[in-house]
Amino acid sequence: MINSETSPPALSIQSLSVRYANHTALQDASLEVASGELMAVVGPSGCGKSSMLSAVNRMTDLIPGARVSGSVLIDDKDVLAGKMDVQQLRRQVGMVFQQPNPFPLSIAENILFALREHGVRNKADLEQRMEQALTSTGLWDEVKDRLQAPALGLSGGQQQRLCFARALALQPRVLLLDEPCSALDPIASATVERLIASLKGRYTLLMVTHNLAQARRLADHLSVCWVRDGCGCVLDSGPTLDLFENERHPLAYQYLNGVLC
Amino acid sequence: MSNSELWRGRALGLLALLVMVAPLSLLISVFGEGLQSLSWSFLIDEPLQAGRAGGIGPIILSTALVLLICMSLALPLGLGAALFLAQEVRPDSRLNLLLQWALDGLGAVPSVVFGLFGYRVFVVEFGWGYSLLAGGCTLACMILPLFIRGTEQALRDCPNSYNQAAAGLAISRFGYLRRILLPVAAPGIAGALVLSAGRALAETAVLLFTAGYVMRWPESVFDSGRTLAVHIYDLAMNVSGGGPSSSATALVLLSFAMAIQLLAWRIGKKTFSRETKK
Chain X
1 MINSETSPPA
11 LSIQSLSVRY
21 ANHTALQDAS
31 LEVASGELMA
41 VVGPSGCGKS
51 SMLSAVNRMT
61 DLIPGARVSG
71 SVLIDDKDVL
81 AGKMDVQQLR
91 RQVGMVFQQP
101 NPFPLSIAEN
111 ILFALREHGV
121 RNKADLEQRM
131 EQALTSTGLW
141 DEVKDRLQAP
151 ALGLSGGQQQ
161 RLCFARALAL
171 QPRVLLLDEP
181 CSALDPIASA
191 TVERLIASLK
201 GRYTLLMVTH
211 NLAQARRLAD
221 HLSVCWVRDG
231 CGCVLDSGPT
241 LDLFENERHP
251 LAYQYLNGVL
261 C
Chain G
1 MSNSELWRGR
11 ALGLLALLVM
21 VAPLSLLISV
31 FGEGLQSLSW
41 SFLIDEPLQA
51 GRAGGIGPII
61 LSTALVLLIC
71 MSLALPLGLG
81 AALFLAQEVR
91 PDSRLNLLLQ
101 WALDGLGAVP
111 SVVFGLFGYR
121 VFVVEFGWGY
131 SLLAGGCTLA
141 CMILPLFIRG
151 TEQALRDCPN
161 SYNQAAAGLA
171 ISRFGYLRRI
181 LLPVAAPGIA
191 GALVLSAGRA
201 LAETAVLLFT
211 AGYVMRWPES
221 VFDSGRTLAV
231 HIYDLAMNVS
241 GGGPSSSATA
251 LVLLSFAMAI
261 QLLAWRIGKK
271 TFSRETKK
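The listed protein sequences derive, respectively, from chains X and G.
Taking this note's numbering, the leading residue of the first sequence gets 1, the next gets one more, and so forth.
Taking this note's numbering, the leading residue of the second sequence gets 1, the next gets one more, and so forth.
Hints in this document: simulated from the structure, not taken from any laboratory.
Careful, some of the hints might be misleading.
[What the hints assert, rightly or not] Derived DEER-like restraints, expressed as beta-carbon distance ranges:
#1 G:S255 with X:S45: 54 to 60 Å
#2 X:D61 with G:L15: 51 to 57 Å
#3 G:S161 with X:R248: 36 to 42 Å
[Said to hold, decoys possible] Coverage of chain X stretches by chain G, computed from C-beta distances (three or more under 8 Å per stretch; other residues unrestricted):
#4 58–70
#5 164–172
Yeah, the Cβ is synthetic: ideal placement off N, Cα and C, and Gly gets one too.
Bound-form chain X, shown alone (with noise of 0.2 Å):
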């Protein structure tokens, strides 16, 4: 069954390489998070931060060719450790990709498939998990009246909150957001926004942008990544706002602050 354990666990990623077939995305990377934080990686594109974060719930099995070292600790747990049970990893730990990708199912069966694909039969469990997922996404009030409808009929940004909804769905401890705003307009990206930040607390969360101002804005910790020598690193991870505004590093700082291009 799915965990609902209280407080969401802390992650810890050490020492994290990840190599495709014939180049390196990530060499070396470490950076932690604490429970019920967000934490943002930024950083140029190319440098192994969606790499990163597709380690965290084993995605990378999916790449043929794909070899990942290092370790990713979830409450002390080594995800990449070889007895690992990727499923349960993976309803413990949700994702929400770029591209708002709902099923081509209606707006109930997107949540309702994943529940009842997880051992949850019970009519009047499946129709309360439904509805407190949309209600935690805002979408609830949206939908309400046509949970029957095409997923595919709704708004880009309201196709993304129910990604969220899916994923919250399954109750998981931790959410790995892969630019989840990237491909919406500004206004259902703020909304989109909204609900992260609606979050926080609840969910130890680990977050993948473009934006530096919504980093700004979102995260409690930020972690700058760069690419050194071909292959993606992280050049300095800490809270968001001494990052932003004190030259820890000469290179992070440049970035952060545009004047680097």
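Please arrange chain G on chain X, whose structure you already have, making use of the hints.
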């Protein structure tokens, strides 16, 4: 729209009409000659005088049986093979190259060679003799490459983002197949099925020496039977005065082909609209 564009459009339209002249005139001649001999009794009666008179009842039944055997073999085998190709074999792997090469090779084999194979294996080795079963099985072999290729393409066309989403939600492979992949690919699979059924329906060479050309009512799948296409061929080539019956049979065959097409189109459209439209 500017004047030159208008003229270009008209010229293209004319060209399109010209291209359609050959098939259209064929259709008109088949309709013209066929309609005169067509009647309810033609559809259900036994043929008389080698097919010059009577109807094509047993032939329609034989055709349906051969097609049923063929499709019920090709559908599970082909779908399984296509799922394996689309899900398990990496597009850039050597195995994929080898399998695609084999499939395309098989697809390019002339049907008469499949006929020889079917004759040797099903008719002789398996001892089924000239029979609907042997014909159906041979036809299944013949259309499998086409069906597998079409189905594989339909499966590969399913957006990878669904697969990602399903993996992210820890959805089982079977759940993903049943609820997402197959429904999304259904129109494409239906299309491949129809294309294959059309090929099977039109086939004569393969059936001449596997299913035979007996005109009687088939009593079991081990009986020899003559399909519509074989009947047309026989009437046109071997029976003097078989022209009108031949045209009428061609009309029936054409109607079946169009009906199957329509059906698949409807299935595809329905699935599609249920899943994606408002």
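Hint check results:
1. Against the hinted window of 54 to 60 Å, the Cβ-Cβ separation of S255 of chain G and S45 of chain X comes to about 58 Å, which satisfies the hint.
2. The hinted range of 51 to 57 Å is satisfied by D61 of chain X and L15 of chain G, whose Cβ atoms lie roughly 53 Å apart.
3. Between S161 of chain G and R248 of chain X the CB atoms are about 37 Å apart, so this pair conforms to the stated range of 36 to 42 Å.
4. Note: the segment 58–70 of chain X has 3 residues with beta-carbon separation from chain G under 8 Å; the three-residue rule is met and the coverage holds.
5. With 3 residues having a Cβ less than 8 Å from any Cβ of chain G, the segment 164–172 of chain X passes the three-residue criterion, so the hint holds.
Violated hints for the displayed structure: none, as all numbered hints are satisfied.
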